[in-house]
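Q: Line order of the protein sequences matches chains A and B.
Here our numbering is used: the first residue of the first sequence is 1, the next is one more, and so on.
Here our numbering is used: the first residue of the second sequence is 1001, the next is one more, and so on.
No lab work stands behind these hints: they were computed from the structure.
Note that beta-carbon positions come from the ideal geometry of N, C-alpha and C, so glycine has one too.
Heads up, a few of these hints could be off.
Said to hold, decoys possible - Computed spacing ranges between beta-carbons, pair by pair:
{"id": "1", "chain 1": "B", "residue 1": "Ala1119", "chain 2": "A", "residue 2": "Glu393", "range": "18 to 28 Å"}
{"id": "2", "chain 1": "B", "residue 1": "Ser1081", "chain 2": "A", "residue 2": "Thr398", "range": "15 to 25 Å"}
{"id": "3", "chain 1": "B", "residue 1": "Leu1086", "chain 2": "A", "residue 2": "Thr363", "range": "52 to 62 Å"}
{"id": "4", "chain 1": "A", "residue 1": "Arg275", "chain 2": "B", "residue 2": "Lys1078", "range": "43 to 53 Å"}
{"id": "5", "chain 1": "A", "residue 1": "Gln229", "chain 2": "B", "residue 2": "Pro1002", "range": "50 to 60 Å"}
{"id": "6", "chain 1": "B", "residue 1": "Ser1098", "chain 2": "A", "residue 2": "Thr379", "range": "24 to 34 Å"}
{"id": "7", "chain 1": "A", "residue 1": "Arg283", "chain 2": "B", "residue 2": "Ser1098", "range": "28 to 38 Å"}
{"id": "8", "chain 1": "B", "residue 1": "Lys1078", "chain 2": "A", "residue 2": "Asp376", "range": "20 to 30 Å"}
{"id": "9", "chain 1": "B", "residue 1": "Ser1081", "chain 2": "A", "residue 2": "Gly394", "range": "35 to 45 Å"}
{"id": "10", "chain 1": "A", "residue 1": "Thr398", "chain 2": "B", "residue 2": "Ser1098", "range": "35 to 45 Å"}
{"id": "11", "chain 1": "A", "residue 1": "Gln401", "chain 2": "B", "residue 2": "Glu1084", "range": "45 to 55 Å"}
{"id": "12", "chain 1": "B", "residue 1": "Ala1119", "chain 2": "A", "residue 2": "Val267", "range": "54 to 64 Å"}
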Amino acid sequence: MARAIYMDNNATTPVDPVVMDIMLPYFTEKFGNAASRNHSYGWEAEEAVDIARGQIAAAINADPKEIIFTSGATESNNLALKGVAEMYREKGNHIITVQTEHKCVLDSAKYLEQHGCTVTYLPVQTDGLIDLAVLEAAITPETILISVMFANNEIGVIQPIAQIGAIARKHGVLLHTDAAQAFGKVLIDVLAQNIDLMSISGHKLYGPKGIGALYVRRKNPRVRLEAQQHGGGHERGMRSGTLYVPLIVGLGAAAERAVAEMPTESVRTLQLRERLYKNVTSRLPEVYVNGSLEHRLPGNLNISFAFVEGEALLMGLNDTVALSSGSACTSASLEPSYVLKALGVGDELAHSSLRFGIGRFNTEADVDRVSDKIVDVVTRLREMSPLWEMHQEGVDLTKVQWVAH
Amino acid sequence: MPYSDKVIDHYNNPRNIGSLDKGDASVGTGMVGAPECGDVMKLQIRVNELGIIEEAKFKTFGCGSAIASSSLATEYLKGRSLDEALEIKNTDIVRELSLPPVKIHCSVLAEDAIRAAIADYQSKQETAK
Ligand SMILES: Cc1ncc(COP(=O)(O)O)c(C=O)c1O
Chain A
1 MARAIYMDNN
11 ATTPVDPVVM
21 DIMLPYFTEK
31 FGNAASRNHS
41 YGWEAEEAVD
51 IARGQIAAAI
61 NADPKEIIFT
71 SGATESNNLA
81 LKGVAEMYRE
91 KGNHIITVQT
101 EHKCVLDSAK
111 YLEQHGCTVT
121 YLPVQTDGLI
131 DLAVLEAAIT
141 PETILISVMF
151 ANNEIGVIQP
161 IAQIGAIARK
171 HGVLLHTDAA
181 QAFGKVLIDV
191 LAQNIDLMSI
201 SGHKLYGPKG
211 IGALYVRRKN
221 PRVRLEAQQH
231 GGGHERGMRS
241 GTLYVPLIVG
251 LGAAAERAVA
261 EMPTESVRTL
271 QLRERLYKNV
281 TSRLPEVYVN
291 GSLEHRLPGN
301 LNISFAFVEG
311 EALLMGLNDT
321 VALSSGSACT
331 SASLEPSYVL
341 KALGVGDELA
351 HSSLRFGIGR
361 FNTEADVDRV
371 SDKIVDVVTR
381 LREMSPLWEM
391 HQEGVDLTKV
401 QWVAH
Chain B
1001 MPYSDKVIDH
1011 YNNPRNIGSL
1021 DKGDASVGTG
1031 MVGAPECGDV
1041 MKLQIRVNEL
1051 GIIEEAKFKT
1061 FGCGSAIASS
1071 SLATEYLKGR
1081 SLDEALEIKN
1091 TDIVRELSLP
1101 PVKIHCSVLA
1111 EDAIRAAIAD
1121 YQSKQETAK
């Protein structure tokens, strides 16, 4: 049997074969330590790292010296939040972030709360966007950092980073953004958007896993960080550890390729998403989009199929397509996605959600095959759903007294 | 998480899906769970004059394990007396379907649905007397 179509590109992406070819020699013949200053093996590795740094910097209108390599966006986010909080302790101890951030930002913020910081977790509106007036009102004289993700991993919603940057600048507060999902998919310009720190990850843009970077601004203002990992003083002392040259080469090549292809690829993936949405909504009633369709990554679609449960849906779809759901029937708490909850999506619709991440290797035929299968499975599951039956009978499900367990 | 073959079988070929007339005096209906918890089971039985469950039907909103648990419950119910039906335990379902710990609540819900359906039937019989 053919393998299922991969449409979970917000979770991870395959390494592009072109990128892989560029990386390979750096595992074997070009294996030098980029910090070895005295021989050609070291120079060769250092040169490769410099090229990658340049590729990443060019992709976001930064200077190569402003790119700090890390093991991924998780580490970059930890370093940004903790590094700034510790370095700027005397200036203040207040951080502003958002309820829909990735766990690694939220958990870093919680850690900092246990270590003397106060944190404001901004709510989002029903479309997933923060309210800029609420953000501005949350700033106090103690505020040192605003951390707002560029694009969300579940719903793909893109925050107005340039406007947030302008507010941060006006109040003399640093802006960090987690761009793990946005980098390589939408235009990023750290100067025009007033971004002071930015996290990126290799495996979301057809590069390898286990590599990422943190952009740290060097001018206007010069951002300083307290290192979280100590050692040989690599990466301007902000992140010690021998550079993982093959992965860095891969991240650079992947970034360059993603940016070069962005004009065509963003149009193509958007068209595929619109096709998927139309295919499904024209054949199934009671389908709801989670988050803004307008301010969203081109390849992302998160929709709820009312009256059917997400995990049951995935079980029916597994042989055809790999997707993820905001339902969490497997977690002990039975809590559905906190991101959908923050949008005000009811728990019952959160349990019915699917996330589609259309990527570089998906085709129109994939989208059509997936849509057909979804229509089949949703129809079949609705026929066995007591909620669908009640809905058909005109029962208002919000007025039913449920026997919760 | 991989599912057991039996869960997959019940998911793909659910037994006894459907609804009975809940107004019928010989039918007992149990509806348990809540949409916001991610599972709702409706289980119905039809009891004949001899007090034997002749027919059992279900509809379930929930994950594959919830669907399989209720499907299996309807199989267990058919041909039993009400007393025998009350002997069905969620652990029987867990064992038969090889449910992992995180899915045990699905079997508990199925047991609750059985009890609710029987209680509904019995209260109808009481009022009919
Ligand atoms: C928005 C966001 N931030 C951070 C991460 C973590 O990235 P990494 O896997 O590179 O640590 C991810 C990916 O899971 C993500 O989607």
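Q: Taking the hints in turn, state whether each one holds.
A: Now for the hints, and whether the structure bears them out:
1. B/Ala1119 / A/Glu393: 18 to 28 Å: Since the Cβ atoms of B/Ala1119 and A/Glu393 sit about 23 Å apart, the hinted range of 18 to 28 Å holds.
2. B/Ser1081 / A/Thr398: 15 to 25 Å: Distance hint for B/Ser1081, A/Thr398 is violated at roughly 38 Å.
3. B/Leu1086 / A/Thr363: 52 to 62 Å: At roughly 55 Å between Cβ atoms, A/Thr363 and B/Leu1086 fall inside 52 to 62 Å, so the hint holds.
4. A/Arg275 / B/Lys1078: 43 to 53 Å: At roughly 46 Å between Cβ atoms, B/Lys1078 and A/Arg275 fall inside 43 to 53 Å, so the hint holds.
5. A/Gln229 / B/Pro1002: 50 to 60 Å: For B/Pro1002 against A/Gln229, whose Cβ atoms are near 37 Å apart, the range 50 to 60 Å is violated.
6. B/Ser1098 / A/Thr379: 24 to 34 Å: holds, 29 Å
7. A/Arg283 / B/Ser1098: 28 to 38 Å: holds, 36 Å
8. B/Lys1078 / A/Asp376: 20 to 30 Å: holds, 29 Å
9. B/Ser1081 / A/Gly394: 35 to 45 Å: Cβ of B/Ser1081 to Cβ of A/Gly394: about 36 Å, so the range 35 to 45 Å holds.
10. A/Thr398 / B/Ser1098: 35 to 45 Å: holds, 36 Å
11. A/Gln401 / B/Glu1084: 45 to 55 Å: Violated - the Cβ-Cβ distance for A/Gln401 and B/Glu1084, about 30 Å, lies outside 45 to 55 Å.
12. B/Ala1119 / A/Val267: 54 to 64 Å: Given a distance of about 60 Å, which is inside 54 to 64 Å, the answer is holds.
Hints 2, 5 and 11 from the list above are not met by this structure, while the remaining hints are.
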